[in-house]
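K.L.:
Residue numbers (the numbering used here), protein chains in the order written: chain B, 1 to 339; chain G, 1001 to 1339; chain U, 2001 to 2339; chain W, 3001 to 3339.
For the record, the hints were derived by calculation from the structure and aren't laboratory data.
Incorrect hints may have been included.
In silico contact screen, one side only, chain U against chain G (beta carbon under 10 Å); selected entries [stated by the list, open to error]:
| id | residue |
| --- | --- |
| 1 | Ala2131 |
| 2 | Gly2189 |
| 3 | Thr2267 |
| 4 | Glu2269 |
Backbone N, C-alpha and C fix where the C-beta goes; we use that ideal spot for every residue, glycine too.
Number of protein chains: 4
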Amino acid sequence: MSTPINLGLIGAGRIGRVHAENIQRRMKDARVILVADVNEDAARRCADDFGVKYAVQDHHLILGSPAIDAVVICSATHTHAQIICEAAAAGKHIFCEKPIDFNLTAIDEALAAVAKAGVKLQIGFNRRFDANFARVRQALSSGEIGQPHLMHIISRDPGPPPLDYIKVSGGIFLDMTIHDFDMARFLMGCEVEEIFTAAAVLVDRQIGAAGDLDTALITLKFENGALGVIDNSRRAVYGYDQRVEVLGSDGGISTANLYPNCATISTAEGVRRDLPLHFFMDRYIDSYVNEMAAFVDAVRNDTPVPVGGIDGRVPVVMGLAARRSYDENRPVKLAEIAA
Amino acid sequence: MSTPINLGLIGAGRIGRVHAENIQRRMKDARVILVADVNEDAARRCADDFGVKYAVQDHHLILGSPAIDAVVICSATHTHAQIICEAAAAGKHIFCEKPIDFNLTAIDEALAAVAKAGVKLQIGFNRRFDANFARVRQALSSGEIGQPHLMHIISRDPGPPPLDYIKVSGGIFLDMTIHDFDMARFLMGCEVEEIFTAAAVLVDRQIGAAGDLDTALITLKFENGALGVIDNSRRAVYGYDQRVEVLGSDGGISTANLYPNCATISTAEGVRRDLPLHFFMDRYIDSYVNEMAAFVDAVRNDTPVPVGGIDGRVPVVMGLAARRSYDENRPVKLAEIAA
Amino acid sequence: MSTPINLGLIGAGRIGRVHAENIQRRMKDARVILVADVNEDAARRCADDFGVKYAVQDHHLILGSPAIDAVVICSATHTHAQIICEAAAAGKHIFCEKPIDFNLTAIDEALAAVAKAGVKLQIGFNRRFDANFARVRQALSSGEIGQPHLMHIISRDPGPPPLDYIKVSGGIFLDMTIHDFDMARFLMGCEVEEIFTAAAVLVDRQIGAAGDLDTALITLKFENGALGVIDNSRRAVYGYDQRVEVLGSDGGISTANLYPNCATISTAEGVRRDLPLHFFMDRYIDSYVNEMAAFVDAVRNDTPVPVGGIDGRVPVVMGLAARRSYDENRPVKLAEIAA
Amino acid sequence: MSTPINLGLIGAGRIGRVHAENIQRRMKDARVILVADVNEDAARRCADDFGVKYAVQDHHLILGSPAIDAVVICSATHTHAQIICEAAAAGKHIFCEKPIDFNLTAIDEALAAVAKAGVKLQIGFNRRFDANFARVRQALSSGEIGQPHLMHIISRDPGPPPLDYIKVSGGIFLDMTIHDFDMARFLMGCEVEEIFTAAAVLVDRQIGAAGDLDTALITLKFENGALGVIDNSRRAVYGYDQRVEVLGSDGGISTANLYPNCATISTAEGVRRDLPLHFFMDRYIDSYVNEMAAFVDAVRNDTPVPVGGIDGRVPVVMGLAARRSYDENRPVKLAEIAA
């Protein structure tokens, strides 16, 4: 094999550490050689824990290093667009956590910078790389269930994040549903034209007081004529609930939740099993490895990334449309937002 | 035990024969003593097959018979409202197949006649009496899963009915979804306030040419703040697909389809089981017995029927609202229709 | 259709009433016209409840009636063999509940009487007519899973019968396992050659004190080379546990338990469902109808019965072999017993 | 944290590479610093692939290195006992793949050497560390299902190994069932007293010609009075079939197979899912990490290993008893073999 590609990690928080661990421990053809975090201690800890050579505070040191082939952006959301622009200007390939930004202008500037520089940009929609959703995509793209007619995406968190987070999250549609918007496009293989949002505050009144929602049913009309619905809740007490199902002209496909074990216990009280995996890190652990491997492959072989810049933009459009639909209680075409 | 109550059956078609068989063979405290059908041969065959004493052409003979305690109306839909009025005037208790009528004025006249006569009227929403949906209702009414937040009702036929039927069916919302509208109210234990319909013709263009739809996602906003969605398709190739799930503040409940057997076969090609029950008569066989037993109980013991006249009216309002929502592509409040 | 055949029911206890109800309410081409029970009140109640014309104490009145085509023997086990002989002599076809007898000589005399008279004899191994086990048999006979290699039969009661019953039951192998011995032969489509029994008293010491066992694993070697194991317990606290699985050269098939509903409830404590059907009457309700319909068909069309006299004899041989294997702690060939 | 412990790996074949990868990539407190293989190229490749510093041919270099804290023995089975003796004499802690040996005398000498040296010895029964079987053990040890009565262990390979391997494998009971013997003891938490084996050649006649068997049902009588059965086949065409179930006085517990995805596809032909995981490396991938972590913990903290030398000896006794039972067609007490 040829030399592994050299990565610079920008942001050593929770998700940054996940990528660091996956790259250092599970991948042969890539390695993190520099990690930057505004909190230099965090950068240092990450470097120590996962065998990264250098830790710095200023991410420009990464961008300026000729040894670096690509960057992995895991910093705060509001810094993504700017760092993408800087990295593109520095000629580095880019893996960026979702969302690029909440502002379409900022996104478009970032995508333009990427296009101009001719570097690769992959957005971190890891769920596409989960074996279960990939199986659904396969069924749809191979025609195993014929033409798609109806789609359900169930996506519920075990519990709401802290209120402080909610307040800066961009709202449920840009923070939580954005993953499901990506999933809808990915699975269906075409774009959504119109969105209608029914939503409510049923989990925690404080979320409502903060101007956000915690429960939603979002109807999607796809370009291919199919219909879909996304079901979101900030709290499913039994755990992380992540399922999809699709009805097609020749059949249907559905996925179940994942469990820590496959044991069933029967007693005089009932037949039961343990709760599904509760935490997204447990549920999607392999998908993070798979998405990074795909990025590294694309960089090494100069092939297209599987989740490009436009895939980062459209879900933000959808999130804005979903909110407008809720605010005005009417179906909203994506064209209204995207224009 | 006291004497069984005497029933007159009006209409000896498919569903009429189901009720005749159930009453004659599975119930001790009621019996059909007269069956009427405009097709007198059909009435005769029904009488012969299930041991009914008399068969006639004119249902007025039933209404005029002092021996009859109650009537079971299984005639064509357009005759329901008038026969209800006649039966009420004759002082007979009434079991009537759904829908009462597609016209709210006709429904209101029928309900007024029933109220004036002080007789009982039960509408044939049999699915409420299915053990699976009853279990969901129990979970909701007992608080087993807390306050309801989100509901999914999946209701798909194995294939569309003949086009000739479609044309006089009243449309998918009054013909098919009406059962699901009833289910939504029954399970949630409260009314729907607003409906938004996304629908399409994806199964058969001829259905569209006839002015109807074959695929729909109908969003419901309930009075209690909960949200729901009904998923309808005229064709699920794998069979009759009838499931519900509800997320509540303290948990969730969901039902699966029913199968002709519980065997799983594993071969080198995959792990499979036979198709779910394909026909609504097989799927809901017990519910027909249970609903009639409930009606007979109510008549014998002079207690309220479990599915009253208003339960026949509201789903029609919902069906009309669903269609208007589709036609105008906007959420429609039930108050718009019902007023 | 031709006239229904006329049945005489001998024994109006629990199982007799099941057959009476099934015949009278669910079958068109047969009817019970006479019921006999040594307890004449029981015979009378049965006749009243299910519309049987005559009730008598002495079953000879049935055997002597020229109107009777066939008898259904549901009396106490120790009377079966003799009544079979009498019925055969009277030229009546015979449906007899299992077991024919615990004594092979008595069985052989009964079978000889049947052979001499040329009447039909069907034994009440109802489980063969359960849709689930029938599906397994179909998989094996059609070659869907290739040649059978390994079989598991799980057969557990929700709780032990009263001790008084245990004492006269013939022991677990002749009372409970006998059904599983029949199932093994039926599913495999060939005979067992050798049996090894491991058994214990783990549920209730009083069962042991009565000389019986309550827990067993019985290894079977079939003529076709396949191996099988029967798992019996007198108490599975979660309910009636009735499953089979077979591994074949081209795949496997397994059945699950049956449940009163298909709802799954997820709460913060776990994912659960209600208990499986608890009572054999609920679990096997349809199989009783199916077996009687098969008997009636055989009589009406003069075709072979699906469960003949030899099918009543062999499981008794197996039960005796199983006990001897336990007593002597060694594998026992059926040829030792049958000879 | 303190310094990681230093491991020497003896044997760089398939299982040796699994341990190398797990230790180097997933563990922080241990590292392989030396790898030995009689095939020096294999040792070199292993070292290169997983970042091991030194690769040698002669394992004595490992035993003689003062830097080495413990050895991981993954060499050919016939070398295990001798290397255990040597490693013990060298004062190294030992992790050894199963089986220690097929000869009880050799095993006893190895265990004596270990005892004399006072080093730790852990045997590689990795399945104990699988989350599913661990959950069953937890149910049994916590009393969640009461006292155990009946146990089934289903353990089937997707296909037989090459005939050349079969010939030197020690036979199905020492090669394949040995894992299930360990599982039986582990789950039940007590010893087996007596074994009865029914076995056959049904998969491949050449296996029979080689003096071995490919299909078996092995009945176990446990010291606590419970009964169990192990079901082995060398070929389940649908994949690696690894399940257990236990009936207890207060309930039952059972495990299902693991699948590459949780998708269910319904078409007009049936309801199906993809095959279970086919290969033991996929099925048990986490258990290998967990067992090594447990060994490292025991060495670092000087606590008892979870699977000791006696746990390596008893399954060999059981394998010998199983074979004798088959050869003599009688139940065999372990005391006969162990003495």
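K.L.:
Find the hints from earlier in the document that the structure breaks and name them by number, from lowest to highest.
P.N.:
2
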